[in-house]
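Chain by chain, the residues:
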Amino acid sequence: MLKDKYKDRIAAIFAKYPPERKRSAVMPLLDIAQEEYGYCTEEAMREIAELCGIDPTEVKSVVGFYTMYYEKKVGKYVIDVCDDLPCVLRGADKFVNYCEQKLGIKAGETTPDGKITLNVVMCLAACDRAPMCQVNTAYHYDLTPDKFDKLVTELKKG
Amino acid sequence: MEKHILLRDLDVPNIRDLAVYSQHEGYAAWKKAVTGMKPDEVITVVKDSGLRGRGGAGFPAGVKWSFIPKDVFPKYVTVNCDESEPGTFKDHQLIRHNPHQVIEGTALCAYAIGANVAYIYCRGEFREPARELQKAIDDAYAAGLLGKNLFGSNYSLDIYVHLGAGAYICGEESALLESLEGKIGQPRLKPPFPAVSGLYSKPTVINNVETLANVPPIVLNGAAWYKQWGTEKSPGVKLFSVCGHVKNPGNYELPLGKYSIQELLEMAGGSMTGRPIKAVLPAGSSSPIIPASNFHAKLDYEAMAAIGSVLGSCSWIFMDDSVDMVWAARKMIRFFKHESCGKCTPCREGTHWALSVYDKLLSGKGTIEDVNLIGEVNKQIIGKCFCPLGEFATSSMTFTLKHFKQDYVDFIDQKKGGSDVYLKELARDHHLHELHSGVVSVNGIKVH
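Going down the list, the protein sequences come from chains A and B.
Numbered according to our numbering, the first sequence spans residues 4 to 161.
Numbered according to our numbering, the second sequence spans residues 1317 to 1764.
Read the hints as simulated data drawn from the structure, not as lab findings.
Where a beta carbon is used, it is the ideal one built from N, C-alpha and C, also for glycine.
Wrong hints could be hidden among the right ones.
[Claimed, not checked] With the Cβ distance kept under 7 Å, some of the chain B side facing chain A (calculated, not the full set):
#: 1; residue: E1399
#: 2; residue: H1408
#: 3; residue: E1444
#: 4; residue: G1482
#: 5; residue: A1483
#: 6; residue: I1500
#: 7; residue: Y1516
[To be verified] Under the rule of at most 16 Å between Cα atoms (straight-line distance), these lysine to aspartate or glutamate pairs were calculated in the EDC-like manner:
#: 8; chain 1: A; residue 1: K75; chain 2: B; residue 2: E1750
#: 9; chain 1: A; residue 1: K97; chain 2: B; residue 2: D1736
#: 10; chain 1: B; residue 1: K1499; chain 2: A; residue 2: D34
#: 11; chain 1: A; residue 1: K25; chain 2: A; residue 2: E53
#: 12; chain 1: A; residue 1: K25; chain 2: B; residue 2: E1497
#: 13; chain 1: B; residue 1: K1563; chain 2: B; residue 2: D1636
#: 14; chain 1: A; residue 1: K19; chain 2: B; residue 2: D1454
#: 15; chain 1: A; residue 1: K25; chain 2: B; residue 2: E1494
#: 16; chain 1: A; residue 1: K8; chain 2: A; residue 2: E39
#: 17; chain 1: A; residue 1: K25; chain 2: A; residue 2: D58
#: 18; chain 1: A; residue 1: K8; chain 2: A; residue 2: E38
#: 19; chain 1: B; residue 1: K1499; chain 2: A; residue 2: D58
#: 20; chain 1: B; residue 1: K1518; chain 2: A; residue 2: E23
Take these sequences, add in the hints, and give me the full structure.
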């Protein structure tokens, strides 16, 4: 259970919001669940609902609405490449082609070893340094095929 | 400009550290306010400075603060750091490289309206910058700049960081509040406005990161000092995020009304490709596109309105003459279709159908009737949506059709649709759509 393993962290999250507004903690708690299980499991969503005093379907609606919550298992590393207009003007489309070719998968898919999921996503607010991507939480800028090769080598080690 | 007011990280190395920030007048305005100014005096100086909201709407910040009722408790400040408009990356730089100025501005706003709690709402993707921001907040607490009984006064303030999880709509202020309350980010009906009923139904000021970063120097140096930059109606300095086909993309801090679009383009090094610049989106995907023939316009709210566009959040996406506006418009519609919150029908269905028509054009099956159909679909969205997102979605259609109709005509006449590049782009988008909507293939038949 999250509430046992992350007791202090969860208490610190609830302390940020008025005591009668526990629901505000839904998203920070989902972050913990995703860190722990890799995606928002049904069990975690039920636990979070109980902690926040709301219905499990209300938690599930939040998971469904926001793009950063995963409802299914994803790779250990998720590479999100922005392919919105400003990034494509600076070569993001060709970069995505390269990523697909290098990883041998299509955008949206996970490598067979379960290590890497490749996604294309909407604007990541780093248009000045495109092509760029986010790997889990970290931003990587001014990407080239060379830099991507090195990045993938690092990720495969981890 | 000799020195930056906002991008001070470009002048002062390591200003992100509290010690360095403090050596450069950091928190001087904060101390001055709490120890020597009444809350109303802070509101007055911000009002007098003419500072307008930097998130896009341009509403005068001091006036917004003055709407907060005095006799309702508690009140809240929420800081909008949901920066998600394609082309915008200014708040990202501020919270990462000059976080204390954002914290100090937030604190001053809270003091001015009598709030004891402020939330800084960062888009979920800003996990690392948010961690750095949290570290700066922790340092401010440790230095006695936040917390209880500040500077020996009765005034206490807590500032918290709250992370979203990927939704453009949460940049809309009432959707942001919903999200902060733990719900899906769908906008609220207005009125009541947040000043009356905001976070937890209490009076709330919502300001953009950049707006608040302007406040410490204004409180410290006075309204007249700030008004030495900019124009009478658009005083002060503004951050311009410049990207697309320019040699030196990045954030530029400029006085409002001084330079023209052409000069901004030259500051950013001019065309990256050597080809002539054809057009610019001045405030990201949501803004009316400006053809190069209007690049003489000055960079302030009024001059931009005069050429039929907006200053907005100042996210300048320059495009050279290789860009086909049919393709560009589709890219923008794809964004809004993806980001529509689904609450109101004209936006949810309208963006879906508009994208379908653009997909048909790109696939090579479009006719001139489809171009006219875009105009029709567009009409069903304009003025009919619950919040500005739907309206934003129509800009790309309305203004590419207005200024670049020839691109559409040529697209059909010269059979530009159906190229390998377009087909690949469409196939990728459709593949992702199917994965995300849970469509699976059984014996070659797609079922939900």
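Status of the E1399/B interface restraint (C-beta, 7 Å, chain A)
5 Å, holds
Sort out whether E1497/B lies within 16 Å of K25/A, counting only the CA atoms.
Status holds; Cα separation ~9 Å.
Please verify that hint: G1482/B, Cβ, nearest Cβ of chain A, below 7 Å or not.
4 Å, holds
Against the 16 Å threshold, does the CA-CA distance of K25/A and D58/A hold or violate the hint?
12 Å, holds
May I ask you to test the interface hint for I1500/B with respect to chain A, counting a Cβ-Cβ separation under 7 Å as satisfied?
4 Å, holds
Restraint check for K75/A with E1750/B, where alpha carbons must lie at most 16 Å apart
15 Å, holds
Between K8/A and E39/A, does the CA-CA distance stay at or below 16 Å?
The hint holds at about 10 Å.
Take a quick look at whether K1499/B and D34/A sit within 16 Å of each other, Cα to Cα.
15 Å, holds
Hint consistency between K1563/B and D1636/B [alpha-carbon to alpha-carbon, up to 16 Å]
12 Å, holds
Are the Cα atoms of K1518/B and E23/A separated by 16 Å or less?
14 Å, holds
Does A1483/B pass the interface hint, meaning its C-beta sits closer than 7 Å to a C-beta of chain A?
5 Å, holds
Does the alpha-carbon distance linking K8/A and E38/A stay inside the 16 Å limit?
12 Å, holds
In this structure, none of the earlier numbered hints is contradicted; all agree with it.
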